[in-house]
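Take these sequences, add in the hints, and give me the full structure.
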Amino acid sequence: MAPQSARLPGAPSWSPGDEDILTLNIWAPASAGGPLPVLVWIHGGAYTFGSSAQPDFDGSALARAGLVVVTFNYRLGFEGFGHIPPGTEPPYPENRGLLDQIAALRWVRDNIASFGGDPADVTVAGQSSGASSAACLMVMDQARGLFRRVIAHSVVGPCYAKELAAETTRRVAAAAGIPATSTHLMSATPHALVAASDRVVDSYRRDPGSGPRHYNPVIYGPVVDGDILPSDPLTAPAASAPEAVDLLVSHTTEEYWLMDAVGSSAKVTTDEQLADFARDFRLPDNLVRGYRELMPGAPVSDIYLAIFGDLLFSEYTSRLAERHAEAGGRAFTSSFARHRQGPEGVVRAWHSSDIPFAFGNHTLESVEFLIGGPPNAADHELSQRMMRAWVSFATTGDPGWSPLNGRTTTHHVWTTADSTAGMRHSAIRALWRQADYSPLRP
23 MAPQSARLPG APSWSPGDED ILTLNIWAPA SAGGPLPVLV WIHGGAYTFG SSAQPDFDGS
83 ALARAGLVVV TFNYRLGFEG FGHIPPGTEP PYPENRGLLD QIAALRWVRD NIASFGGDPA
143 DVTVAGQSSG ASSAACLMVM DQARGLFRRV IAHSVVGPCY AKELAAETTR RVAAAAGIPA
203 TSTHLMSATP HALVAASDRV VDSYRRDPGS GPRHYNPVIY GPVVDGDILP SDPLTAPAAS
263 APEAVDLLVS HTTEEYWLMD AVGSSAKVTT DEQLADFARD FRLPDNLVRG YRELMPGAPV
323 SDIYLAIFGD LLFSEYTSRL AERHAEAGGR AFTSSFARHR QGPEGVVRAW HSSDIPFAFG
383 NHTLESVEFL IGGPPNAADH ELSQRMMRAW VSFATTGDPG WSPLNGRTTT HHVWTTADST
443 AGMRHSAIRA LWRQADYSPL RP
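Read in order, the letters of the sequence shown are residues 23 to 464 in my numbering.
In short, the hints are calculated from the structure, not lab data. Hints may contain errors.
Here are the in silico distance ranges between beta carbons for each label pair [what the hints assert, rightly or not]:
#1 Ser136 to Gly88: 35 to 41 Å
#2 Gln406 to Asp307: 23 to 29 Å
#3 Glu390 to Arg410: 22 to 28 Å
#4 Pro57 to Lys289: 48 to 54 Å
#5 Ser232 to Lys184: 19 to 25 Å
#6 Pro112 to Lys289: 42 to 48 Å
#7 Thr292 to Asn47: 44 to 50 Å
#8 Asn47 to Pro252: 29 to 35 Å
#9 Gly109 to Ala449: 48 to 54 Å
#10 Ser253 to Gly367: 41 to 47 Å
#11 Arg29 to Lys184: 31 to 37 Å
Here a beta-carbon is modelled for each residue, glycine too, at the ideal position from N, C-alpha and C.
The following block contains the structure:
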């Protein structure tokens with residue numbers, strides 16, 4: 023796994039000295055009658071943590087359902103996405119983590135037939151920063167022809183401008199106690215860069231005046247450099263290319279409640295703090311008022327979490343599908359709205375809670391926190407439906423419902439019998455019409 027400080031349930035932790043990370047895992051059916059569709063999974067983790075070793079990404083169930091499943095690691099944090107100033111020949115490129123992903127896809131193209139997979143029938147799938155990575159691959163010239171479909175859950179956006187990446191580098195170098203030069207940065211150990219990055223993240227968390235990064239201090243991400251990544255995926259949809267891919271997107275209905283539960287985000291509990299938050303993110307004037315009307319009687323903290331989750335994930339995900347369809351591509355939308363009563367109240371449809379169901383790994387003890395305890399019969403049935411949709415889309419390009427088009431919007435909602443469906447989807451989308459998703463700048 024890539025150098026990182028995170029410790030995730032059921033997964034191994036990184037140890038300094040273990041940097042040989044560019045590896046793949048492959049699951050294939052025990053017997054197959056011919057070349058099978060391939061699903062290549064890109065893990066999430068804010069471009070900073072996570073790995074293919076997480077138990078919820080085990081591909082056994084999807085392989086039994088008829089896919090060849092590939093998961094892999096790629097460089098994270100500064101090593102994968104940090105800006106390295108000029109000073110070496112050849113210069114270090116931006117977006118090295120994305121280039122690792124392309125290298126993995128090329129390996130699949132050249133070798134997956136030996137495992138029963140069809141190199142001409144590859145679906146790239148991912149969640150959170152893994153989904154954003156997949157969206158970036160859709161507009162990168164170096165990735166053209168390496169896949170024909172994309173499944174993207176909880177796409178987070180927008181990408182970063184080069185100026186913001188350069189500012190991050192200056193802060194990380196200062197935290198590491200070294201000059202912000204290519205020579206010093208590349209001679210620093212992975213452990214030192216991870217530790218310095220964590221200190222920068224902590225400084226944003228402690229400073230309410232630090233702008234958007236105070237609320238969600240993710241300091242790394244794809245950089246729109248005009249070369250490796252020519253644009254944010256919303257700016258130049260992949261459907262404008264001749265070999266346009268099919269796209270299936272999904273998001274959860276209460277994304278940001280997870281970040282609040284694990285303590286990774288700033289608390290907003292007063293009207294004044296909510297106004298500061300809206301101003302820092304340059305939100306449309308009517309947006310907070312619109313959420314209050316949709317959530318009568320809700321505390322400020324719930325309104326903040328609803329807005330932030332939709333800002334980071336839900337709206338960007340929906341726009342990505344719409345832009346893809348407008349450019350002539352096939353795009354399918356869905357949301358995950360599964361609720362149930364748990365020991366401590368309602369189990370929310372928060373960030374990452376959908377993935378164990380789509381992988382068929384919802385029975386693992388390590389995912390009980392995400393899904394609110396051991397699954398019940400309705401959960402098993404939901405998992406089977408989600409797996410069928412993934413397999414069907416990877417096999418035929420059709421998950422089981424109609425794609426978007428210029429006249430109608432068919433939005434599929436994943437629920438169980440005791441769920442409240444995605445009731446406010448259209449009303450919420452209307453509030454975001456004026457929101458700007460240009461690449462982030464200092």
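Structure-based check of each hint:
Separation of Ser136 from Gly88 is about 18 Å and departs from the stated range, judged on CB atoms against 35 to 41 Å. For the pair Gln406 and Asp307, the supplied restraint of 23 to 29 Å is violated, since their beta-carbon distance comes to about 45 Å. Roughly 24 Å separates the CB atoms of Glu390 and Arg410, a value that falls within the hinted 22 to 28 Å. At about 52 Å, the beta-carbon gap between Pro57 and Lys289 stays in the expected band of 48 to 54 Å.
Between Ser232 and Lys184 the beta carbon distance is about 20 Å. The supplied range of 19 to 25 Å therefore holds. At about 45 Å, the beta-carbon gap between Pro112 and Lys289 stays in the expected band of 42 to 48 Å. At roughly 47 Å, the beta-carbon separation of Thr292 and Asn47 lies within the given 44 to 50 Å, and the hint holds. Taking 29 to 35 Å as the suggested C-beta distance range, the pair Asn47 and Pro252 conforms, at roughly 31 Å.
At roughly 52 Å, the beta-carbon separation of Gly109 and Ala449 lies within the given 48 to 54 Å, and the hint holds. Look at Ser253 against Gly367: about 43 Å separates their beta carbons, and that is inside 41 to 47 Å. Checking the proposed 31 to 37 Å range against Arg29 and Lys184 shows it holds: the Cβ atoms sit about 32 Å from each other.
Comparing the model with each earlier hint shows violations of hints 1 and 2; every other hint is respected.
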